[in-house]
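Trainee: Spelled out from the first residue to the last, the chains are:
4 protein chains.
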Amino acid sequence: MGGVLAAVIPEPGARVEVREVAEPELEENSALLEVELSEVCGTDVHLQRGRLAGVPYPLVPGHVSVGRLGKIRGRMLDVEGRAFREGDRVTFLDVHRTCNACWQCLVAKSTTRCPARKVYGITYGFADTLAGGWAEKVYLKPATRCISLEGVEAETFMAGGCALPTALHAVERAQIPLGATVLVLGSGPVGLSAVILALMSGALRVLCTGAPDSRLEAARAAGAHATLNVETHSTDEREEWVLAHTAGRGADVVVEATGAPAAVVEAMRYARDAGTVVVVGQYTDHGEVSFNPHLDLNRKHLDVRGCWGSDFSHFYRGAQLMADAARAGPWSRLRLERFGLGRANEALAAVASGRVVKALIDPRA
Amino acid sequence: MGGVLAAVIPEPGARVEVREVAEPELEENSALLEVELSEVCGTDVHLQRGRLAGVPYPLVPGHVSVGRLGKIRGRMLDVEGRAFREGDRVTFLDVHRTCNACWQCLVAKSTTRCPARKVYGITYGFADTLAGGWAEKVYLKPATRCISLEGVEAETFMAGGCALPTALHAVERAQIPLGATVLVLGSGPVGLSAVILALMSGALRVLCTGAPDSRLEAARAAGAHATLNVETHSTDEREEWVLAHTAGRGADVVVEATGAPAAVVEAMRYARDAGTVVVVGQYTDHGEVSFNPHLDLNRKHLDVRGCWGSDFSHFYRGAQLMADAARAGPWSRLRLERFGLGRANEALAAVASGRVVKALIDPRA
Amino acid sequence: MGGVLAAVIPEPGARVEVREVAEPELEENSALLEVELSEVCGTDVHLQRGRLAGVPYPLVPGHVSVGRLGKIRGRMLDVEGRAFREGDRVTFLDVHRTCNACWQCLVAKSTTRCPARKVYGITYGFADTLAGGWAEKVYLKPATRCISLEGVEAETFMAGGCALPTALHAVERAQIPLGATVLVLGSGPVGLSAVILALMSGALRVLCTGAPDSRLEAARAAGAHATLNVETHSTDEREEWVLAHTAGRGADVVVEATGAPAAVVEAMRYARDAGTVVVVGQYTDHGEVSFNPHLDLNRKHLDVRGCWGSDFSHFYRGAQLMADAARAGPWSRLRLERFGLGRANEALAAVASGRVVKALIDPRA
Amino acid sequence: MGGVLAAVIPEPGARVEVREVAEPELEENSALLEVELSEVCGTDVHLQRGRLAGVPYPLVPGHVSVGRLGKIRGRMLDVEGRAFREGDRVTFLDVHRTCNACWQCLVAKSTTRCPARKVYGITYGFADTLAGGWAEKVYLKPATRCISLEGVEAETFMAGGCALPTALHAVERAQIPLGATVLVLGSGPVGLSAVILALMSGALRVLCTGAPDSRLEAARAAGAHATLNVETHSTDEREEWVLAHTAGRGADVVVEATGAPAAVVEAMRYARDAGTVVVVGQYTDHGEVSFNPHLDLNRKHLDVRGCWGSDFSHFYRGAQLMADAARAGPWSRLRLERFGLGRANEALAAVASGRVVKALIDPRA
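Residue numbers (the numbering used here), protein chains in the order written: chain A, 2 to 366; chain B, 2 to 366; chain C, 2 to 366; chain D, 2 to 366.
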């Protein structure tokens, strides 16, 4: 009987290949997800290029995905203790095995830094099982945390995708005051979700810098009051633009979501005195950058907060927002492009170039 | 009738001179302080060398001082509404004229960034009045906030001096958890006060790096569990040392109090994942430094907090601690050296070289 | 030359009278406001009935008002240091004389508890000057903080009125998590503004209980997802209703804005475990109420926060929101009723009975 | 081979009996603890009297205990991943089975309200296994979190006992500012630990009310600056006493640790405006109490925080403090009394009457 088709990165730098593999055996309290949509995010581009440490190639990418529970063995419970049933539409937290037993989990209570955690599609490899969303089916191991998406459009949810909990964590950490002016650096998926969530959290005005123009247009459609293209404006021009939009003070809150080390320093410079900067764009090592700790940090009395990963609460609250048509509105207006498994390399290229706001993988296409 | 002797920095880079000036006329609700002790801090060294912007030379340095109210015209009230009397021993908040009317004061509530504030001995010059502590008398303008020091040893209070509110603000901002391991970078007056205050705030272990050995000895006498000389240990050795004292994790909280830009990056590196860094040592512009925002900040999920200036609450609470013999104990054990007005240049040199832990100015010596 | 008409409460319990008084002389840096609109709030009803302590009868009520600066002597500056000009449309912070010199201001930093503060229309009496908005003109003493309302509809701003900063302070103190369910107890002006502001701050669902039906309808029009009439439902029914809307857990955040002591206990009971309760409805002493500290507080691990008064930041940020047409939308849809000075007693009755959502005083009507 | 002796409460209200039972079989990754010391706390008195809901009688009381690991099957790891060995001295977190899978754990992150958690000696009964410390041995189920106590005096650790993590959680939640005046209501074990921990967290002065005099003496020996006997002073006298010690303002922070509902209201009354109250004394239902929400809460702008249970971090940090001789000092000076298993009823009576500060159970006595 039929195997399962999956798109695989064979090794760092190699092109994605579609392979057919046997359907996994289910352990007690596990399930198979029949994937409707998965996505291609910036991390996947880095994965394919071999830029991340600790990745067990070959692997099936795709960390956040939506689908229907095809087969359940034993019980899969939601966070309110209800058992899922076969046929339910769900997503699942891509982070697995947070241990709740180590110093980082129990004493520091910073579970996103738990060394035991594994991420579907990133640190679970092909050898582990079918553990990525670029496949017809994903094996949901025991203790994988599913969230019901009954009544939610798969495509709307995936318009948020993995960027949604990441941005939600960043905006939560930003503690945006009612009426604040927020500057988002970066107009990729995390930046766009940060724009939407900042407005939802009480920001009165959100500014966004990034590129290309199509993404800035998306930022404005999502509610940004003003945008600036970083490819056509120098850092001095950007600073001037920020000051012009903030009564000369700088932004109350800056969310850095770019991937470029220099943006972290810009974030500090564009923040007002005693403002807050959240750094959520530096998930990959792109080297060093120089700053002036007197002028950029100490004298400004800044709060600069690194923001790593996300936990179940971010994913759950993101899903709750997406289940509300009004709240999901700005995401549903983002333009997405679908690619079948066989076109995964094209999808990666489209994301790498910024040509699309977001590329989805549809294993049934 | 007699003039007032004051030590004056005539211009940037010039040697301090003692001058005799006429006693100022008192406005309504002002006073003259007869100085018992003032101090020489790192800022004074920068003042003399012309490293600070916006200083109205010539000026009389000495921002934190202790003395007796010699003459009061009208009323000077303490924070509880009691009127001071001539002869009372007091200190006064060196920051004056925080406006409580600007955006920074009223909306951001970050009064240490109020652009209207003036600092005795730093941004009040000789032209303004006798507004620095290196003098027989200081003119306390209306609305200067005095704090009673009845029953407090002048020398013990000055062992904290201006470093006390600065360090108190930094430690407050660090939000040290009970039982934490705190690393203080720097063994100057702010670093030493940070060591003491971190222990007082619930730290179980405090580590301190700095130089020279005499100051590290003072850190240990003040309660530091271990110290390391930065002049004889490379940054790699320092990192190893910190990890060895923190179960390989890094410190829960790092307070940077050195003045060297590189120390800010070290602070991030020596903090544990999801730890807190307070940057309080960068009061002067010493240029740029390079860091890796992925490794040093984002992936570590750090909180990095610049800490600028101090407000009345820090000064007041510092004075309350100093009025308690047990709490003041660690400061009373610091070795201080007294200099008369005529030896101010020597005092500056002793501070600049780190030869003394702290130099006091005694205008009656 | 013409006097100024003002509505006066002569003494506790007495009917409001319109009197004509001489226009006040202006001190340096003061102004006269030509009132366009003032309002009648619950506090005014208590004022008229003599329920508040420390009120210097006779007085002109009306604490929050909008108008044009008719005459300025010297300079009145806004928070960004710009001088107002005669003819500018403004509102002003009704709280005056926060001292910034007492323990409460400087050490506790809880300026809304400063004992020196005075409130226009409440603790400034007729003897002080024309210090209430139920008059053709209000005398703005030196250091009164005005905020420009150029381009803002006077009626929209007054739809928020004094309830806006009060509710904003409460919602700020509630620290609403993104996606939370918030329950607002009370559908008067503070409750309605709390509904709007909770949604603006990231609440996914807002529930509101109150009366009469017309106000609950206003709550729904302002965005509340569900409402319940407290006059026709018992406390058991209310609890059941809250649990039904919160998956049986209770609300994440409850804002009490009713005036009834019993509502404070209901607020604790309707909150989820480890939830937050903000108590902002108890501005007047209506006696005691009984609760079970084990069941209602300790075992629930609740945060219960009293919220008193508001400061400039709340007023300023409220005005910023009102200057944004989209943000001001929900307020602009509230139904208001205007009364001339001569109908102030009618206005008080309409507010006391809850017949109107809000009554405005239009001195030119 | 011998059975295991254990003291058992057969049913609500019945006297404790010593029984001999068979040693339990060990599951994989479990252990047997050979008890050196357990304790009798207020909760045990309520247990014996049948005042707690959900207790599976018969049961062996004793939730916090110290002993040596007698037998380990499989692996028991500490929080840093090190395996314990037979013979190690340890304590263990009495809370077991926090699920890390429910809404309360994962979304609210308030794990002390997880409905799945079980407590050794309270909600694990005799039918479950040997799950209480009043026995020669305790069965440590898989996933029980042990903490090494090598080099720590068993009696010193037990002087803190279960009160230590409870008080530590309360003091953590109190966020005591450096230099604050803290009032602790209650001089039982939780109150005494709160006195010590408040001082350790930066309080400058700690006041304590309670009874009898022997316990107040213990409070002063532990560092309290002043104490008041509640049996010989009326609430008016107490209020006057608090105001006299706080410049008429009330305490910055009040920790309620009494068990009496009325103390919660006193806590609010004795706190200063904008102060903080932590309620940690209401672990059992003792009925209702009446308060004035205007005067006692809203107008005071108070923060009132219920504090339920404790988690691993509190227990772990408590153990870290106890492993430091200087920090453990105040506890080592508390007078304790030891009782063998056969004298458990006497021990309960001694605790109920307040005759002893703390009663220990020594199963080998």
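Hints may be right or wrong, so weigh each one.
Note: identical chains are not told apart, hence a pair may lie in one copy or across any two.
Said to hold, decoys possible - Derived lysine to aspartate or glutamate pairs resembling DMTMM-like cross-links, with alpha carbons at most 20 Å apart:
{"no.": "1", "residue 1": "K110", "residue 2": "D79"}
{"no.": "2", "residue 1": "K119", "residue 2": "E232"}
{"no.": "3", "residue 1": "K72", "residue 2": "E156"}
{"no.": "4", "residue 1": "K110", "residue 2": "D325"}
{"no.": "5", "residue 1": "K119", "residue 2": "E81"}
{"no.": "6", "residue 1": "K72", "residue 2": "E289"}
{"no.": "7", "residue 1": "K110", "residue 2": "E81"}
{"no.": "8", "residue 1": "K119", "residue 2": "E338"}
{"no.": "9", "residue 1": "K110", "residue 2": "E289"}
{"no.": "10", "residue 1": "K110", "residue 2": "E28"}
{"no.": "11", "residue 1": "K119", "residue 2": "D274"}
{"no.": "12", "residue 1": "K110", "residue 2": "E24"}
{"no.": "13", "residue 1": "K119", "residue 2": "E240"}
{"no.": "14", "residue 1": "K119", "residue 2": "E347"}
{"no.": "15", "residue 1": "K72", "residue 2": "E338"}
{"no.": "16", "residue 1": "K110", "residue 2": "E21"}
{"no.": "17", "residue 1": "K110", "residue 2": "E347"}
{"no.": "18", "residue 1": "K119", "residue 2": "E21"}
{"no.": "19", "residue 1": "K119", "residue 2": "D363"}
{"no.": "20", "residue 1": "K72", "residue 2": "E347"}
FYI, nobody ran anything at the bench for these hints, they're computed from the structure.
Only a predicted model underlies this, so the values are computations on that prediction, with no experimental measurement involved.
Trainee: Hint by hint, note whether the structure agrees.
Mentor: Tested hints:
Taking CA atoms no more than 20 Å apart as the test, K110 paired with D79 passes between copies only; the shortest distance there is 16 Å, against 22 Å inside one copy. With identical chains, the CA atoms of K119 and E232 are never at most 20 Å apart, being 36 Å at best within one copy and 42 Å at best between copies. In this assembly of identical chains, the alpha carbons of K72 and E156 never lie at most 20 Å apart, being 23 Å within a copy and 55 Å across copies at closest. In the homo-oligomer, the alpha carbons of K110 and D325 never lie at most 20 Å apart, since the shortest distance is 30 Å inside one protomer and 23 Å across protomers.
Proximity of K119 to E81 under the C-alpha cut-off of 20 Å is restricted to the inter-copy arrangement: shortest distance 19 Å between copies versus 23 Å within a copy. In this assembly of identical chains, the alpha carbons of K72 and E289 never lie at most 20 Å apart, being 47 Å within a copy and 52 Å across copies at closest. In this assembly of identical chains, K110 and E81 lie within 20 Å of each other by CA distance solely across copies; the values are 14 Å between and 22 Å within a copy. Taking the shortest alpha-carbon separations for K119 and E338, neither the intra-copy value of 28 Å nor the inter-copy value of 50 Å comes in at or below 20 Å.
With identical chains, the CA atoms of K110 and E289 are never at most 20 Å apart, being 29 Å at best within one copy and 34 Å at best between copies. Taking the shortest Cα distances, K110 and E28 never come within 20 Å of each other, neither inside one copy (30 Å) nor across copies (29 Å). Only between protomers do K119 and D274 lie at most 20 Å apart by alpha-carbon distance; the minimum there is 18 Å, versus 39 Å within a single protomer. Proximity of K110 to E24 under the C-alpha cut-off of 20 Å is found in neither arrangement, the shortest distances being 37 Å within a copy and 36 Å between copies.
Taking the closest pair of Cα atoms, K119 and E240 never come within 20 Å of each other, the shortest separation being 40 Å inside a single copy and 28 Å across copies. In this assembly of identical chains, K119 and E347 lie within 20 Å of each other by CA distance neither inside one copy nor across copies; the values are 27 Å within and 53 Å between. In this assembly of identical chains, the alpha carbons of K72 and E338 never lie at most 20 Å apart, being 29 Å within a copy and 60 Å across copies at closest. For the identical chains of this complex, K110 and E21 are neighbours neither inside a copy (41 Å) nor across copies (41 Å), given an alpha-carbon limit of 20 Å.
Proximity of K110 to E347 under the C-alpha cut-off of 20 Å is found in neither arrangement, the shortest distances being 40 Å within a copy and 41 Å between copies. Taking the shortest Cα distances, K119 and E21 never come within 20 Å of each other, neither inside one copy (24 Å) nor across copies (47 Å). Taking CA atoms no more than 20 Å apart as the test, K119 paired with D363 passes in neither setting, with 24 Å inside one copy and 45 Å between copies. Taking the closest pair of Cα atoms, K72 and E347 never come within 20 Å of each other, the shortest separation being 31 Å inside a single copy and 60 Å across copies.
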